[in-house]
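Residue numbers (my numbering), protein chains in the order written: chain A, 1 to 243; chain B, 1 to 243; chain C, 1 to 340; chain D, 1 to 340; chain E, 1 to 258.
Calculated directly from the structure, the hints in this document are not laboratory data. These numbers were taken from a predicted model, which means no experiment stands behind them. Don't take every hint at face value.
[Claimed, not checked] Which residues of chain D face chain B? A partial, calculated answer using Cβ under 8 Å:
#, residue
1, N52
2, R56
3, S70
4, R78
5, F88
6, S90
7, G92
8, R96
9, L105
10, P106
11, Y109
12, L110
13, L157
[What the hints assert, rightly or not] Some residues of chain C that are not near chain A, with every Cβ distance over 10 Å (derived):
#, residue
14, S59
15, T113
16, M201
17, I219
18, P232
19, A250
[Stated by the list, open to error] Below, a sample of chain B positions facing chain D; criterion: calculated Cβ distance under 8 Å:
#, residue
20, T126
21, R129
22, V130
23, S134
24, S137
Ideal Cβ placement from N, Cα and C applies to all residues, glycine included.
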Amino acid sequence: MSIRSLNVPIDQIPALVFPALLDTLIMVGIVMLIVVLVGIPLGALVHNLAPGGLFENPPLHTTLSWIVSIGRSLPFLILMASIVPFTRFITGTNIGIAAAVVPMAIAGIAFFTRIVENSLRGVPPTLVRVAKASGASPLQIIRTAQLSEALPSIIGGLTINTIAMIEYSAIAGTIGAGGIGYVAVTYGYQRFDNTVMLATIVILVATVASVQLIGDRLVRLTTPHARTQARAPRVRRRETSLV
Amino acid sequence: MSIRSLNVPIDQIPALVFPALLDTLIMVGIVMLIVVLVGIPLGALVHNLAPGGLFENPPLHTTLSWIVSIGRSLPFLILMASIVPFTRFITGTNIGIAAAVVPMAIAGIAFFTRIVENSLRGVPPTLVRVAKASGASPLQIIRTAQLSEALPSIIGGLTINTIAMIEYSAIAGTIGAGGIGYVAVTYGYQRFDNTVMLATIVILVATVASVQLIGDRLVRLTTPHARTQARAPRVRRRETSLV
Amino acid sequence: MISLEQLTKVYGHGDAQTVVLDRLDFSVDAGEIFAVVGPSGAGKSTLAQCVNLLERPTSGSVLVNGENLSQLSEKALRVARRRIGTIFQSDGLYSRRTAAANVALPLEYLGVTAAETRARTAELLDRVGLSNKAGHYPHQLSGGQRQRVGIARALALRPSVLLSDEATSGLDPDSTRSIVALLKELRDDLGLSILFITHEMDTVLQVADSVARLDHGRIVESGRIVELLRDPASGLGRALRPARSHESAAADATEWFVSYTSAAVPTDWLSRLADQLGTTVSLLGASIETVDGATVGHASIGVTGADREHLIAVAHSLGLDARPEPAGESAPAEILEQVA
Amino acid sequence: MISLEQLTKVYGHGDAQTVVLDRLDFSVDAGEIFAVVGPSGAGKSTLAQCVNLLERPTSGSVLVNGENLSQLSEKALRVARRRIGTIFQSDGLYSRRTAAANVALPLEYLGVTAAETRARTAELLDRVGLSNKAGHYPHQLSGGQRQRVGIARALALRPSVLLSDEATSGLDPDSTRSIVALLKELRDDLGLSILFITHEMDTVLQVADSVARLDHGRIVESGRIVELLRDPASGLGRALRPARSHESAAADATEWFVSYTSAAVPTDWLSRLADQLGTTVSLLGASIETVDGATVGHASIGVTGADREHLIAVAHSLGLDARPEPAGESAPAEILEQVA
Amino acid sequence: LNPPTSANATEGATLVVATAEGNAAEQALVNFVAEEVAPKYGISVEFKGLADSNTINRAVSEGEIAGTVYQHKLWLSQVLEANPDFKETAAVPVFRWGFGLWSDKYTSVDQIPDGGTVSLYSDPANEAQGLWLLKEAGLITLKDGTTPGTATQDDIATNPKNLKFTLLDFAAQSRALPDLDLAAGYTEYYLAANIPIEQQIFAPAAPDDFAGQLTIGSDFADTENIKNLVAAFADPAVQEFLATDPTVKGILLPIDAK
Ligand SMILES: Nc1ncnc2c1ncn2[C@@H]1O[C@H](COP(=O)(O)OP(=O)(O)OP(=O)(O)O)[C@@H](O)[C@H]1O
Ligand SMILES: Nc1ncnc2c1ncn2[C@@H]1O[C@H](COP(=O)(O)OP(=O)(O)OP(=O)(O)O)[C@@H](O)[C@H]1O
Ligand SMILES: [Mg+2]
Ligand SMILES: [Mg+2]
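So that you can see chain A by itself, here it is in the shape it has in the complex (with noise of 0.2 Å):
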């Protein structure tokens, strides 16, 4: 009997591993989409119900805390199994790349939620007053007193939370999604094909890095005081090199 036979052959690799990550980066992107846009307003929210906030209302703060630490409490494969009829009725399946979106969003949409809660925590209040004085709306306050000035503080949220969203795309992956996690997990891992195990690292581990590269980018060049410094630098030594 030959074990051989179960491993993917090297050359094979490259067309069993890039439609995985292809999968992956898609699954990712839709569902982060989906996440900053309900997760940013939903933060919010929850941040100006909360004493000190805008529409203080601790009743309804405790109530909308408490659904988004539902979102947060379930292990992952029982939230996917809990909302099966709801994603069905979303999607119309259960299974592949649609169905995993539906509880992948709510998974990260908790998550951010609780992101930019702490990001807007971090805003100094004075801004809010100079919104006010200025004669802002609530709305307004949001955009340009909270969010705005707490966005190098929520892309770095976000940076995180994506890169939770690859791992939870590889538990997906049990209700075929596929993607690269998935792929890691089922000819990595089950099959023990080591070359699989390898190669599905080496593009995760780049794919995470690569986000938090761009993250980390993205978050100096939201910050004024960061991004001034470090340019400097760099075209002084282009200054240099023409010398």
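Starting from the structure of chain A, add chains B, C, D and E with the ligands where the hints point.
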């Protein structure tokens, strides 16, 4: 054929669920202790090796950032498998709580490093200048100007991290560590035992919401302007009731 | 127009309770510049923040342009606040916006078109002398420049009421003069009421019609500038034009502190005084100027051998208040007292 | 002791390059209080930050107490900075520490015992008048109170050099006087060198031995206070004691601006002038005081029918500089100019 | 740091037998042996659930636990091939798993439409068993020489209905049945999911290769404890239990079931 017989009888659920909850609390507690002890210095180091940091050193920063990214890249199952020899070296076993703590701590440290890094970025640069002008050593700057001022944000991140670790503990359950998340997955998810599923979900939600509540309260307690603000109305209400 | 009725603000609670504003009553008319001075911690900033309801008064009411702000709906309050410009003591700039974008903020909130916003922002920055810093971020601006961005922002919506909390405190005298001139011009053109909080007495003289001194949350003295300056019993008047240290009189002479109390002091009062007393009068120190066209001031003089009552009477006839100056009361002694 | 050699600081790069400090040379001796004034954005704060190397100078060197700071190791620099107190223009308080804990910060860094820290902190807070605010957090303090916490913190380590960037700018005159007295006392007791950045000319007169005017990163004028005040050609001297607006002379009289240029101006110069010219002299406005014991000042006078040359000569013999005052040059006109 | 001595070599020590914790039936079997059979052989046996198969095999090999019944020979040989440091032996076949083709939409294999979606389990051995089942049902043919335990999708010779394959985990597959045309899966996961046995539309007896084996650590095969453990699992009472006990009926089949 009786399917019911496979399900856990209601009166046995507490005996199944509460020890599991205790396991989870122990596991996550130990992990978070390690995560905080290692993640805070590591996060501060990564932050201060970055451009604009105290020990600005781009090559070292890139290297360290990649290492942290590796810790965040691997699906948790794969991470657990990859570090088997290391886990055995540290704990002498590969199953049980002790063995689960090692990969969880590694994943948690990588996560928390990013959280700390993001929080430190939010500290106004002036405070570091003040510390320098006051004759602070780099360690003192990190402690008093960076970590201390970022504390509320770090605690907020710690809350997010702790809750993520509760989720990881469900996966770590696969190596015999048990825990409430694991009971939820094996009994609730794999055995379709809806009673157990519900019980574990309720307990998980309560646990997570409690962690969140404690975290929120600690954030408020460590933020002077939130603390003083929050205290006032409570007392005013008391005064009213006395009249 | 601003009017306060029994405005009270208490911070903290229980034992830690501090009454920061204590039943304040006053009003600032349309077109009036009302200065508020007072020691650090007197409650000046709190007062400003209560007027636009950024701090909720503990009791009492604030009427701005006739509206009781605390009775307005959230939305009406927002509209009312657009008629109130606020210059914050700490600049309060948005760190991720350029100087121009910070000034544009209230216009953006109001929904002004982009083109108009650009034009108005450029004009405002020009008025505060920052045209060349429009694209700078706050961390690239000096303290005074940041303060001026805050001033421009407060004026963006052409408010009818301006709350100016230490607007000129970080500014050099030339910049201060130009900001003062700008405010006066707006007052004249738009009938702006200005609550002008400052600790710079010189600036009060330059800009204000009236002034109040706040101390421990109470107005301890207030009035029109010239009247206060002409009242030798007024502490606030003395504070506005403090006596400086001066030369001592010759050994045989006595020192007198003479202050202008009427509009009719002749410019040759020194020689008239000498003539009428039949003695020599020497000028040891002086501070005499016109404020809003009225001459005010005081001088320290040395007089040899004149009769006390006679001197006071003659000075009085010249529109002056004269009182003997004990050596111990001169300015340097005051400084030492403050420190002890 | 501070001494700067060709200190230059450039912000930005390429087209956006701004020379903020341009080859500055000066020194502040031990026990000297050296004031720096200048328009907003002149580079004053940048100068202070370069002296303690919080900003790296682009070129040139800074010597503090004889050490070239930019050549020190990280550790030696830290030790050197402990001898340099810095008062920041923006207070820079730690939001999570009480006033007392903020003041204690440098002591904590140095490793002073808890008991000693407590004692010294209490003493410092008392010196700046904040004993009763020790337990307050920065957001519970007024602007001036925060500023004073910053001052106390800068003095915590009994530095030998103090960089004071607008330390008194947010303070009322009484607080300012007491801070000035405190600084002078420390100067006398400890031989403190102080670089005192301010825009308040009054405070310069109160506190400084010398003063320099910084503009566009260059020192355009500097000198000892009294000398500048006695030099009628000195712009800085005029800026320190600006001429205020004054009454107009009678129709038949001409207006003259007379300033003290020597130590020997007789106190009865007005009557002597009238006597020697044989005409009447009226006093239109005046500002005469003693600074550091020396009498300085200027006065606007109205003189009827005196010969121009003769008047100048007589004034000169009395230690005064006299020049005719064109109506158009009085202070209010200057204001309008600034605005245009 | 390794445990100095294994319980396997310690007289009177409790012998831990692990299975995948998700399999309640296997747990019931081990518990039966522990309670009813082990005392006869003078040993004490305890059940432990570990969800991850790798962890179980590693623990067996190193003597952390005494044995496991969760795998068949084919799986074990794969494991050993991939982990040369593992030392394990299949000691005795114990049971067969109930394994069949399931459908929510169709009542016989013939009705499966052209291009239908078929789910196999995502681990290789179960994927192979699924392919074998499809071959038995006449839906596909496998290339010559393909052994039932190692077949992969690459071994499919013909696929006349152009079936599409989706790999899913055990519990996910039963949950996804409404979204599938056909699934090859274990009876236990379907019964647990409240899917009626009628939806199992094809279930022939599996070949011997797929019998669940008691697997032990090779290094400990000669210890008294392990010898007794193997004997306990070989006891006829075990087969009797499998044939009659309602807890495992239909899920775990006696070794000679047809
Ligand atoms: N990071 C920076 N990038 C570019 N320009 C800067 C930066 N920091 C300061 N500047 C510019 O340098 C000049 C000097 O600033 P500085 O703060 O030293 O002025 P200052 O004399 O202290 O003014 P003020 O009296 O208003 O406090 C200003 O024009 C400012 O815009
Ligand atoms: N949140 C607060 N809790 C307790 N006390 C406060 C709070 N905010 C301000 N205070 C106190 O109220 C008093 C008035 O503060 P305010 O800022 O109005 O003073 P100010 O007159 O503007 O002083 P300055 O001239 O120094 O700016 C101060 O003594 C301050 O300590
Ligand atoms: Mg104030
Ligand atoms: Mg400055």
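Checked hints:
no.	hint	result
1	N52	holds, 6 Å
2	R56	violated, 12 Å
3	S70	violated, 14 Å
4	R78	holds, 5 Å
5	F88	holds, 7 Å
6	S90	holds, 7 Å
7	G92	holds, 4 Å
8	R96	holds, 6 Å
9	L105	holds, 5 Å
10	P106	holds, 4 Å
11	Y109	holds, 5 Å
12	L110	holds, 7 Å
13	L157	holds, 7 Å
14	S59	holds, 21 Å
15	T113	holds, 16 Å
16	M201	holds, 27 Å
17	I219	holds, 24 Å
18	P232	holds, 41 Å
19	A250	holds, 58 Å
20	T126	holds, 5 Å
21	R129	holds, 5 Å
22	V130	holds, 4 Å
23	S134	holds, 4 Å
24	S137	holds, 6 Å
In this structure, the earlier hints numbered 2, 3 are contradicted, and the remaining ones agree with it.
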